Structures are given as C-alpha cells and as structure tokens.
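Student: So you can see what is in the structure, the chains are spelled out below.
There are 2 protein chains.
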Amino acid sequence: MSELRQDPTTREWVILAPERAKRPQQGPKKKRGADIPAWDEKCPFCLGNEGRTPPEVLRLPLSKRTSKWSVRVVPNLYSALNPDGENNKGMSGDFFRHREGIGVHEVIIETPSHNTPMALMPYEHVEEVLAAYQQRYNALKANRQLKFITIFKNHGWSSGTSLIHPHSQLVATPVIATFYNRKFDVAHDYYVDVASCLYCDLLAEELERGERIVAETKHFAVFHPYASHVPYETWIIPKEHRASFGLSPPTHLAELAMVLRDSLLCLYRGLNNPDFNLMIDTSTTEDEKGPFYHWHIRILPRLSTVAGFEMGSGIHITTAMPEDTAARMKQIANSCAGGECISFKQEG
Amino acid sequence: MSELRQDPTTREWVILAPERAKRPQQGPKKKRGADIPAWDEKCPFCLGNEGRTPPEVLRLPLSKRTSKWSVRVVPNLYSALNPDGENNKGMSGDFFRHREGIGVHEVIIETPSHNTPMALMPYEHVEEVLAAYQQRYNALKANRQLKFITIFKNHGWSSGTSLIHPHSQLVATPVIATFYNRKFDVAHDYYVDVASCLYCDLLAEELERGERIVAETKHFAVFHPYASHVPYETWIIPKEHRASFGLSPPTHLAELAMVLRDSLLCLYRGLNNPDFNLMIDTSTTEDEKGPFYHWHIRILPRLSTVAGFEMGSGIHITTAMPEDTAARMKQIANSCAGGECISFKQEG
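Chains as they are written, first to last, in our numbering: chain G, 673 to 1020; chain W, 673 to 1020.
Honestly, the hints are just simulated from the structure, not real lab data. Just so we're clear, the structure is a prediction, and the values are computed from it rather than from any experiment. Mixed in with the good hints, there may be bad ones.
It does not matter which identical chain is used: a pair holds within one copy or between any two.
Said to hold, decoys possible - Cut-off 27 Å, straight-line C-alpha distance, at most; resulting in silico cross-link-like pairs (DSS-like, lysine-lysine): (1) K1017 to K911; (2) K1002 to K694; (3) K813 to K855; (4) K819 to K855.
Put together the whole structure using the sequences plus the hints.
Tutor: Structure (structure tokens):
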C-alpha cells in the first residue's frame, strides 16, 4: 500500500512505496551490447514469457499476418501507486499532508528482443514505441483524477534501471511534481511578460545561433541546451507550438522516431553506449491546449554520479560545454554510414 | 575558466566547468573499511603530502605541543569556480543569462588518517571538523559577493566522491540555488501565514508524535522526515531557532558533534557503511538572522540510484517508511556498547 506525502519544507510530493523494495534487481552486472543474449528465459519481458507479467493493457502486433507483438504495455508488477485507491486528499488541517498513493504505473516493453536497445532499433520500430507512449498517454488522461503523466526511460544500471530488457515506464499521478510545476510557472511568467511561448522563443534563439543545434528536420530540432545539466544533455523539441505530447499529430511520429533514434545512435557511438535517462516533458492533462508550455524530450546521459553538491543545492556542475558536445555529435552523425542517421543529414 | 549559466526554462543556475573533467578519479574500486590503508603515499590529503595541495586556508593543530594537524582546509585544485573573477552579471537583455563563474570551492580534509570515516572518529575530532566548517563559513560570508555557502560531504563512490580520504567540500556562489530558494520561499510563506518558523513547528510536531525521532539531546534532535526522499534520510536540527549555521553557538558544537557522529555510526553499523551525501542547509549570507528559516543537516544514504522518474519529475519514490527506519536506528543505538552512541541515550 503506497502513500503520497508532501515534504512540508519544499512542498514536494514523495511516494512512499515499501512494496517496491521487493522488486527483482538484475544489476549491476555490466552487461553490454554483444554480451547480452537476444533471449533470456528468466526475463519476464522476453517473447514466450508474456504470462509472467500482469495482463497487458496494450499490444501492438508485429504485422497483420502474425500474432507476435512488437510492443506491449503492462501494469508495473511493483507499482509505486495503486490504480484503485480513493483519491483521498488528506488535507484535514493536519500539519503533515498526505494522500493515498493512487495513480497508474505501467511498463512499455519496447521490443520482444532482449538485447536491442532503442539506439539500434529500425526507425519503424521506434515509431511503434512512440505510438504506444502516445496511446497510453491519451487513454489515461481520460481519468480526470490523474493530473500529470510522466513517460520516461532508464537505460543502463547507473540510470537506475533494474531490468536489462529494453523498456520505458509511465507514471500517472493525482499531484503535479514540483519540478514540472516550476517549469510551468517559469513558462507562464514568461508568457505573461512577453506574450509568447518561452520554448518557441528558445528554439528560435537556438536555431539562429546554431552552435548548439545537432540536427533540424521539418518538424523537429535537436540541440544541447545552453545551461546543460550534464555533458551531452540532448533536447528534442517540436517546431510547432503544442503543450502536450498527447496532442502531437500521429503523422509526425515517424519523423520524431528518426530524430530520436539518430540522437540515441550518435550517443551510443560517441560515448560507447552510455547509460541515460530519457523524459518526455509534457503539460498537465488539464492544460494540453495552453499557449505557454511546449512539450519536448530530454535525454540525460549518466556519465558521472549526481553528487552531494548537485543533490544538496540543485546547482549542477557540468564538465563539458554544450557547444563542444553538439559539434561532436554532428561529427559522429557525419561519419555514419550511408543509410544511417538520415534525419541528421536532412536540411531543416 | 568556468561560467554560470541560467536555464531559461527553470531559472536554475548551472556551473559549466570543463576543467573539472580533468580531476583524478580513484573510484570505483569498492574499497571499504579494513581494505583501505591508514596512509597512501599517492593521496594528496595524507600526512606528509601537504605540498601536493594548494596552500591551506585553515589548519587546526592536533594539539598545542605538536606541529601536526587534525583538520586542514585548502582550495579545491579542480575548482568549479574562480575566486578572482569579476562578478559580471551578464544580464544585458540577452535571451540567455550568464555570469562569470566566480566563487569559492574549498576542500575540508577531515583527518590526516586515510581510512577513518567520520562515523568512526572520536567525538572530539568531529567537533574539530565542525569548527573548521563554521570558521570557513564565517570567513567567507564577509565577502558580500558570495550570497550562498553550501557545505557538503560525499562518502563512497556512489555518492559522487572522487577521492577516498575523508573530506568535505564548501562551495560559495554569487547566486542562490533553486532548491534553496524554494525552501526559503516555502518557509517565508509559512511565516507570513502563521507567524512562526516552519521548522520550529515541524520539530515540535515531530517531538510530540515521536515515531520518527531517533534521538533528542539538550539542543538537537535527530529524526527521519515524514516525506523522506530516500530510505534512512536523516535530519539533525537545532532546537533553538537560528537561520544560519554560521551563527550556531560554538559552545553547541561539541553536542552537535556527538549527535552527528552517532547518527553516522548507527548508519555505518545498520547499513554496512553505506555511501551517503551530507548537506548543511543554511540561510543565505544576507539573511542569517531571519525569523523564518532554520538551519539543519540532511544525510541522504545512497542505497539505490536516483532514476529517471526522480530526475524527471522530482517526485522521489521511497521504498521504506521513515517510522520503520527511525525505529531501526533506535534499536541499533540501543545495542551499541557502553561508551558508544552516548548522545542517542541521553534524554532531551
């Protein structure tokens, strides 16, 4: 039974989920690339082991001619949240605020293959994964108790993952995380000030300067942000203003899949398959059509440990300049063989 | 040459310090306890190797009869900040905000002994370390360009430390970290609302409930917070209202050393010498006498990796209840031999 508690000193919500301590950990053996088998009989996400996950909430078929799947979405067996709880607000004049830990925690199993990371998937397969993300996002936002839906991916042991098999996660909560509230506040203030979207202006600024742009396609741009929190932090942002990933046109997913796969492939090549976290930063479910926020993807390579100063102060110390790392990514894309990194070689 | 840059989407400041990439890394060999020698000829912090650090800014002698030292403070050779820069605000109507990376980054070498972690130091030695913290804090706050001073300690490889030898760090910056700004804002709002200090009220609440209190002495309390961010998160808070660690009475340092040492010793015993981060959360240098903030120490054991969801959303998932972990710490303290954990056996 999990519980949401608010830190009275920061107003951050914390999920207390002692059940999560029981989840299996495959790490931290440093298995990489060729060392990992294509199929592992013990892996609950591998083909043939479908019975070892809770019943799926979404299955994308491999093709119309087969019953095999390309992507499955299942409830997380070690869920941090309980989908059936009452949304008890627990605000009864108490010094401490808590709520029952209601919410949804799902796993997107990205591929039947145990050893194919997203960086090495064909574009079409990445598109399927993105379609699964979007379908689950849009299905869950119909539940008005769920105010915020985070989709993220942990790759490699130091990213905090507990299973090798390529997967992403979705967490839908009745509260909005402090970090996102802050992003929404900053964007809203900017909108009130300047009457335009902070992210549209940021993107225009980055495109004009060019020095941190890694790639530009018709509808997307890839860049290393001005104040990168870690070396090789990578943002993928749609050029059209849109607050919510849920409302991104499905016709853009193929192009998004290309820039995402190519971003991950260049990191894979340039940094030797680094551990990373990937997050889709999107609006609240109630503000999907707002003028001030603008969804985007953040990729944070985990090349070093988040240390006391960062944890304590929130000031990150980044040991590489984004102008230099963006240039390096462009070099890597240029040295790719003919058919690879197509999106990075397009003109915007 | 380092640079402070503000993330336009969160207003967080990031320190870009490519020079830091050159610092030596002893990790991640998993050396522990008895495996570590008392002296390492290659260690710049060991006795006899004083010439391998920059000249010290503070030395506490071992006793009046010897030239040997107990604690040294030196500038960080791989400083993230430059003490001599101009405090150029760089706010010239540009979309992106930056400042020169001025500031101070120091290392507190806690002991001449290569293998004596703070958990195993005598109380008197921990008091010396705390005295060094406070002396440097108070010396640096005289520089009015430095608005905020963070003192922290990383223990163990997964905490982000790069050297085994027991040490802490001090970073003084011309900007205030977003995380602390948030804490100050929340405390200030509370003060405006309720006309009392949030932390004084929090402590009264915790003492009344008792279930998360680990220890109470005359001037300090140790507890596991209601909304712990990680299992065994530990706070040490002074009972008397005081915004700044810099103004904590030197006569209280001996007692603080006892509760700090005993907190670390119980974690060392109960969790087998866990990696951890320790932070002193104090007011800005300009608000040391304010009525709304209240300094305290946070200890965050690093029992698991900060994963994508936490990094992405700021919502931490904690896999143990603070009521249970506080009870466990009390058990450990009670099973300590006679002369140990004295402070945990006192009555408040």
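Student: Hints numbered earlier in the text: which of these fail when held up against the supplied structure?
Tutor: none
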